[in-house]
Amino acid sequence: MIPEFGHFALILALAMALVQSAAGFARGRHAAAWIALAQPAARAQCLLVAIAFGALVHAFVQNDFSVLYVAQHSNSMLPTVYRVTAVWGGHEGSILLWVLILAGWTLAVSIFSQQQDDATVARVLGVMGLISCGFLLFTLLTSNPFARLLPAAADGQDLTPLLQDPGMVIHPPMLYMGYVGFVVAFAFAVAALIDGRLDASWARWSRPWTTVAWCFLTCGIALGSFWAYYELGWGGWWFWDPVENASLMPWLAGTALMHSLAVTEKRGAFRNWTALLAIVAFALSLLGTFLVRSGVLSSVHAFASDPKRGVFILAFLALVVGGSLALFAWRAPKVGRGAGFDPVSRESMLLANNLLLLVACAAVMLGTLYPLIIDALGLGKLSVGPPYFEAVFVPIMAPALFLMGVGPLARWRRAGLGDLARRLRWALGVSALSAVIAPLALGRWTPLIGFGLMLATWIASTCLVNLASRIRAHPAPGWRARFAAQSGSYYGMLVAHFGVAVFIVGATIVGGYAVERDVRMAPGDTLTLGAYVVRFDGVREQRGPNYVAARGTLDITRNGQPLTVLSPERRLYTASNTPMTETAIYRHFTRDLYVSLGEPLGPNAWSLRVYYKPFVGWIWGGCLLMALGGLLAVLDRRYRALRHTAAAPRPVPLPGDDSIALGLPAVKAARR
Amino acid sequence: MKARSRRSLAILAGLSALGLATALVLNAFRSNLVFFFSPSQIAAKEAPLERGFRLGGLVEEGSVRRSGQDLTVNFVVTDLAQKVPVVYTGLLPDLFREGKGVVAQGRLGHDGIFRADQVLAKHDENYMPPEAAEALEKARHGQMQGAAP
Numbered sequence: 001m002i003p004e005f006g007h008f009a010l011i012l013a014l015a016m017a018l019v020q021s022a023a024g025f026a027r028g029r030h031a032a033a034w035i036a037l038a039q040p041a042a043r044a045q046c047l048l049v050a051i052a053f054g055a056l057v058h059a060f061v062q063n064d065f066s067v068l069y070v071a072q073h074s075n076s077m078l079p080t081v082y083r084v085t086a087v088w089g090g091h092e093g094s095i096l097l098w099v100l101i102l103a104g105w106t107l108a109v110s111i112f113s114q115q116q117d118d119a120t121v122a123r124v125l126g127v128m129g130l131i132s133c134g135f136l137l138f139t140l141l142t143s144n145p146f147a148r149l150l151p152a153a154a155d156g157q158d159l160t161p162l163l164q165d166p167g168m169v170i171h172p173p174m175l176y177m178g179y180v181g182f183v184v185a186f187a188f189a190v191a192a193l194i195d196g197r198l199d200a201s202w203a204r205w206s207r208p209w210t211t212v213a214w215c216f217l218t219c220g221i222a223l224g225s226f227w228a229y230y231e232l233g234w235g236g237w238w239f240w241d242p243v244e245n246a247s248l249m250p251w252l253a254g255t256a257l258m259h260s261l262a263v264t265e266k267r268g269a270f271r272n273w274t275a276l277l278a279i280v281a282f283a284l285s286l287l288g289t290f291l292v293r294s295g296v297l298s299s300v301h302a303f304a305s306d307p308k309r310g311v312f313i314l315a316f317l318a319l320v321v322g323g324s325l326a327l328f329a330w331r332a333p334k335v336g337r338g339a340g341f342d343p344v345s346r347e348s349m350l351l352a353n354n355l356l357l358l359v360a361c362a363a364v365m366l367g368t369l370y371p372l373i374i375d376a377l378g379l380g381k382l383s384v385g386p387p388y389f390e391a392v393f394v395p396i397m398a399p400a401l402f403l404m405g406v407g408p409l410a411r412w413r414r415a416g417l418g419d420l421a422r423r424l425r426w427a428l429g430v431s432a433l434s435a436v437i438a439p440l441a442l443g444r445w446t447p448l449i450g451f452g453l454m455l456a457t458w459i460a461s462t463c464l465v466n467l468a469s470r471i472r473a474h475p476a477p478g479w480r481a482r483f484a485a486q487s488g489s490y491y492g493m494l495v496a497h498f499g500v501a502v503f504i505v506g507a508t509i510v511g512g513y514a515v516e517r518d519v520r521m522a523p524g525d526t527l528t529l530g531a532y533v534v535r536f537d538g539v540r541e542q543r544g545p546n547y548v549a550a551r552g553t554l555d556i557t558r559n560g561q562p563l564t565v566l567s568p569e570r571r572l573y574t575a576s577n578t579p580m581t582e583t584a585i586y587r588h589f590t591r592d593l594y595v596s597l598g599e600p601l602g603p604n605a606w607s608l609r610v611y612y613k614p615f616v617g618w619i620w621g622g623c624l625l626m627a628l629g630g631l632l633a634v635l636d637r638r639y640r641a642l643r644h645t646a647a648a649p650r651p652v653p654l655p656g657d658d659s660i661a662l663g664l665p666a667v668k669a670a671r672r
Numbered sequence: 001m002k003a004r005s006r007r008s009l010a011i012l013a014g015l016s017a018l019g020l021a022t023a024l025v026l027n028a029f030r031s032n033l034v035f036f037f038s039p040s041q042i043a044a045k046e047a048p049l050e051r052g053f054r055l056g057g058l059v060e061e062g063s064v065r066r067s068g069q070d071l072t073v074n075f076v077v078t079d080l081a082q083k084v085p086v087v088y089t090g091l092l093p094d095l096f097r098e099g100k101g102v103v104a105q106g107r108l109g110h111d112g113i114f115r116a117d118q119v120l121a122k123h124d125e126n127y128m129p130p131e132a133a134e135a136l137e138k139a140r141h142g143q144m145q146g147a148a149p
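Same order as they appear, the protein sequences are chains Z and C. Take the first sequence: its position 480, counting from 1, is numbered 480 in the numbering used here, and each next residue is one higher. Take the second sequence: its position 78, counting from 1, is numbered 78 in the numbering used here, and each next residue is one higher.
Bear in mind the hints are in silico, worked out from the structure with no lab data behind them. Note that the Cβ used here is the ideal one computed from N, Cα and C, for glycine as well. A few of these clues could be false.
[Stated by the list, open to error] Taking lysine-lysine and the BS3-like style, the derived pairs with C-alpha atoms no more than 30 Å apart in a straight line are: (1) C:LYS100 with Z:LYS308; (2) C:LYS45 with C:LYS100; (3) Z:LYS381 with Z:LYS308; (4) C:LYS45 with Z:LYS381.
[As the list claims (entries may be wrong)] Not everything, but these chain Z residues come out facing chain C in the computed CB check (under 7 Å): (5) PRO343; (6) LEU382; (7) GLY385; (8) PRO387.
My request is simple: use the sequences and hints to build the entire structure.
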């Protein structure tokens with residue numbers, strides 16, 4: 001009964017989403033009455049979707065195998081935690097999660113936009129309602145998670161073992177929070193385009209939403225990468241798999257959007273560009289959903305599915321992207337140009353970085369979509385190898401990373417090259433020095449490692465230069481007061497940029513100095529990896545709740561001292577008869593020792609992967625810092641002040657304002 | 001006038017940078033396309049000898065032979081019409097099994113042996129890599145046409 005209840009709730013949610021959309025676009029005599037309906041409809045829609053999602057969770061927890069989706073993705077032996085996460089272990093549940101998160105963002109917009117006038121909020125909610133309608137229709141027509149299986153299955157087919165992992169518990173929700181979060185920036189942009197009000201206030205309201213979505217997306221991608229690292233058992237952290245690319249593209253566009261919004265808010269420039277980026281970022285999120293959910297990809301994530309779904313999402317994608325781009329083409333020429341700027345200024349550098357991010361995004365898109373297009377045209381099967389992405393991504397991002405160091409120090413409108421060079425001279429010196437010395441200290445010098453470490457040092461040192469000059473220039477007496485006087489969004493920017501530096505260090509060093517050995521070992525065999533000696537002590541059988549495992553024991557010593565014992569497993573999940581490797585990793589701040597068990601070769605010997613991965617943890621640490629920076633920017637105290645003083649006069653961008661906060665509205669100008 | 005010339009200079013610089021990026025992208029793109037061939041296509045000499053490609057099909061039953069010393073493994077990939085012997089050194093994916101779909105990336109030697117540097121199998125018991133599925137489909141189609149006249 002409860003699954004039918006969930007299904008019914010979804011249908012009601014669709015009705016509410018229709019009301020919500022209608023309310024946003026109402027005109028004429030009854031417009032005011034419709035506008036008043038927008039927020040209640042949005043909240044009701046969210047509640048109904050939550051009820052539907054709850055019903056599906058209930059079916060999973062109760063092992064209701066009369067529901068087809070539950071029977072396909074769960075099993076009575078599955079631990080309860082994984083029964084809950086199995087909800088998004090397949091196509092139907094993932095889409096329902098998408099819808100739920102969209103409803104959550106809608107609710108958040110309705111709650112946090114109380115200071116804006118009702119008509120604007122209704123318009124934004126209306127745009128979001130249209131997206132909700134599309135996805136609710138998609139769920140109900142092609143991917144109903146509540147479809148019954150009669151007669152009920154005696155037991156379920158089990159959740160794919162790959163997904164029975166703590167990383168998978170949070171990775172998809174995080175990623176979807178980011179993907180779907182860009183809908184808010186999109187809705188704000190479309191609403192502003194419709195009303196012809198692409199102004200600073202639009203940019204100010206869009207910024208925190210974009211930043212929060214970007215933080216979630218950053219965390220989601222990092223989690224996915226981390227999960228692939230320890231779960232897939234190949235020791236890589238990024239494979240340029242189409243599904244990974246599908247999440248990287250909106251991230252690149254979102255990063256560009258976040259920075260462009262800062263310029264639009266502070267200087268009134270780039271208005272059209274920013275609106276276009278908001279559309280592009282969300283379009284790429286939809287494209288990602290299409291790629292992953294339609295089953296067009298030949299990757300580990302592709303779910304076997306029927307073509308109806310692909311056609312539906314593709315049509316929806318064309319409608320949303322085509323519609324919003326047409327709106328843009330119609331409205332954008334009427335938007336003013338905003339303040340001008342010189343070729344050397346913070347604006348120009350941000351614009352250059354925006355372009356580089358989009359070029360990188362386009363390059364990734366080419367490599368991801370080309371095989372699909374060729375295949376769809378019947379011109380044969382091909383794939384684009386990771387070397388393409390590496391060959392393209394690194395040279396495009398390198399100038400962007402260089403400019404990342406200069407931009408925050410440059411003045412708005414007009415900056416002096418000489419002045420910049422003088423302020424950055426020691427950062428440049430330190431970076432050049434680190435390019436030469438650091439690789440030698442680590443072992444071996446190659447141009448790529450030198451270059452990577454130079455960029456990382458450059459970004460980190462320019463952050464310090466920036467902070468030092470800010471602190472020195474501040475009039476407050478005493479250091480503590482000067483540090484406290486800087487805004488949260490300024491610190492957020494520094495932390496996020498510093499995170500990029502940390503990330504580059506990790507990616508460079510693990511790429512340059514990782515040692516990977518695939519070996520055959522019999523009990524008692526040893527393997528030497530630098531200072532480490534790995535001894536294989538054989539394999540024992542072990543039982544888990546829903547699997548049997550061969551558990552290997554490896555004794556690790558470092559410089560003759562016992563360090564740790566690692567126990568990688570090779571599991572056989574009994575319900576689905578699927579083998580899975582569980583890696584064992586010795587984690588350390590500056591290095592990982594990574595072992596995974598292959599397969600038995602003869603009576604005692606096993607094949608094993610033994611990897612030494614220096615600084616690999618810094619890759620995800622850097623991503624966490626980036627997300628933390630975004631969080632700091634959003635928590636800026638001036639934003640809270642703004643919320644509490646709703647009636648405060650609209651802030652005016654100050655020409656000399658030197659902050660490039662990525663978070664919230666600078667009301668500094670208004671306060672002075 | 002001065003501001004305008006500076007602006008056009010900046011636009012020019014931007015465009016040339018964009019052109020450079022495009023050239024870079026397209027060049028890297030062309031040299032990194034990995035084509036896919038089925039055993040039947042290899043038998044018909046359609047696959048290149050000097051360039052890497054992907055080979056897909058089924059792992060033939062009873063064809064997997066492991067070396068006693070190291071991680072070298074020999075197996076045969078078939079599309080049920082033609083066969084290609086493959087040699088690979090390294091760990092095989094979890095779902096590599098006889099009779100199941102597989103995709104191998106590597107080079108074809110003059111001796112007709114495919115030297116794989118990567119072997120892919122999918123993480124689902126019933127899932128067939130699309131390339132492998134297509135190879136089988138094509139081969140079956142070809143056989144039927146061959147038998148018809």
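Hints, one by one, checked against the model:
no.	hint	result
1	C:LYS100 with Z:LYS308	28 Å, holds
2	C:LYS45 with C:LYS100	25 Å, holds
3	Z:LYS381 with Z:LYS308	22 Å, holds
4	C:LYS45 with Z:LYS381	17 Å, holds
5	PRO343	4 Å, holds
6	LEU382	5 Å, holds
7	GLY385	5 Å, holds
8	PRO387	5 Å, holds
When held up to the earlier numbered hints, the structure conflicts with none and fits them all.
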